[in-house]
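Number of protein chains: 2
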Amino acid sequence: MRRCAVALVHYPVLDGQGAVVTSAVTNLDVHDLARTARTYGMSDYFVVHPIAAQRELVERIRQHWTDGSSGRRIPDRREALTLLRVVDSLDAALGSLGGRGEAEIWVTAARELGTPLSFAGARARLKGDGKAVLVVFGTGWGLAPSVIDAADAILEPIRPTRGEYNHLSVRSACAIAMDRLFGARPA
Amino acid sequence: MRRCAVALVHYPVLDGQGAVVTSAVTNLDVHDLARTARTYGMSDYFVVHPIAAQRELVERIRQHWTDGSSGRRIPDRREALTLLRVVDSLDAALGSLGGRGEAEIWVTAARELGTPLSFAGARARLKGDGKAVLVVFGTGWGLAPSVIDAADAILEPIRPTRGEYNHLSVRSACAIAMDRLFGARPA
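Heads up: the sequence lines are chains A and B, in that order. Numbering-wise, my numbering puts 90 at position 90 of the first sequence, and it's gapless, one number per residue. Numbering-wise, my numbering puts 31 at position 31 of the second sequence, and it's gapless, one number per residue.
Derived by calculation from the structure, the hints in this document are not laboratory data. Just so it is clear, CB atoms sit at the ideal spot from N, CA and C, and this is done for glycine as well. Wrong hints could be hidden among the right ones.
Stated by the list, open to error - Coverage of chain A stretches by chain B, computed from C-beta distances (three or more under 8 Å per stretch; other residues unrestricted):
1) 28-34
2) 38-51
3) 72-83
4) 96-110
5) 155-161
Kindly generate the complete structure, drawing on both the sequences and the hints.
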């Protein structure tokens with residue numbers, strides 16, 4: 001099985017008007033995605049933020065839940081946070097995985113963008129040998145076009161099967177994507 | 001397809017020591033599960049809390065995102081919150097669905113409890129005609145035994161496929177369960 005990691009990007013992402021912005025870190029994103037990443041066997045969970053003060057905030061959250069009293073109180077959260085890597089860019093995340101030549105970027109989006117890689121196709125690719133895969137999620141209204149354009153693959157969107165509403169939170173979308181890629185298939 | 005709704009229970013649930021407690025409402029639970037419920041075609045999203053002040057908090061969150069400025073700014077959240085019903089007990093939620101004789105309770109848990117209903121079996125049951133189904137999630141460390149014992153079915157746990165760690169957040173677990181029950185099946 002190929003090595004797989006998750007990244008949560010805060011810049012460049014889109015706002016509700018389609019402008020490219022930087023979003024702020026959400027505390028529960030740090031915890032939820034770490035727990036999801038740990039459950040599905042990710043090697044790393046990168047929180048990507050260009051602003052030093054925001055990276056420091058994430059580091060403080062990590063310290064509180066690993067070294068501090070809360071880590072003793074709820075060891076499950078501490079265990080998940082051992083996957084957390086706080087970096088200033090996607091390039092830095094890729095550097096951890098061996099660099100651009102050693103890892104593929106698969107992006108996610110709520111809508112169809114270019115030729116998608118189906119989850120079935122993605123599962124097949126992950127089973128074999130090959131470069132590490134970094135699955136990238138965006139905050140705000142999603143990853144900016146520059147990130148999508150630089151990707152090796154665009155995972156198909158999680159389409160609603162009952163109606164048109166398709167606005168899952170990134171916490172939910174990451175959990176569903178991980179389960180579709182790595183979860184037990186129904187009999 | 002049978003009518004299906006989701007409930008998030010704050011009492012009776014377990015704490016980290018296995019005691020039966022009441023947990024506090026988490027703001028992102030109100031939003032994330034509403035968005036997940038809307039995406040997967042749920043008829044209702046019940047937030048169940050025995051404490052009036054906590055129910056009022058949830059109502060204030062709802063009002064802010066439906067009638068207030070934030071509702072205009074982010075209509076997708078407002079649309080999801082139209083499913084939200086704030087009730088004081090699971091019985092009250094069932095009452096909305098026609099009462100105990102008209103609806104089944106399916107509970108969820110992180111561990112194996114009794115004979116589980118597989119997700120495949122659950123999908124099959126939902127396709128036919130029949131009573132409404134209320135899928136119940138617990139906060140804290142999960143639903144108390146009294147809720148499990150009163151259930152018509154216990155959904156199989158979401159098992160990790162790579163390792164032993166199995167501590168998804170309730171936001172993630174709900175999203176995954178909904179996708180396994182109602183999401184498009186991979187080709």
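(request) Enumerate the violated hints, using their earlier numbering and listing them in ascending order. (result) 4
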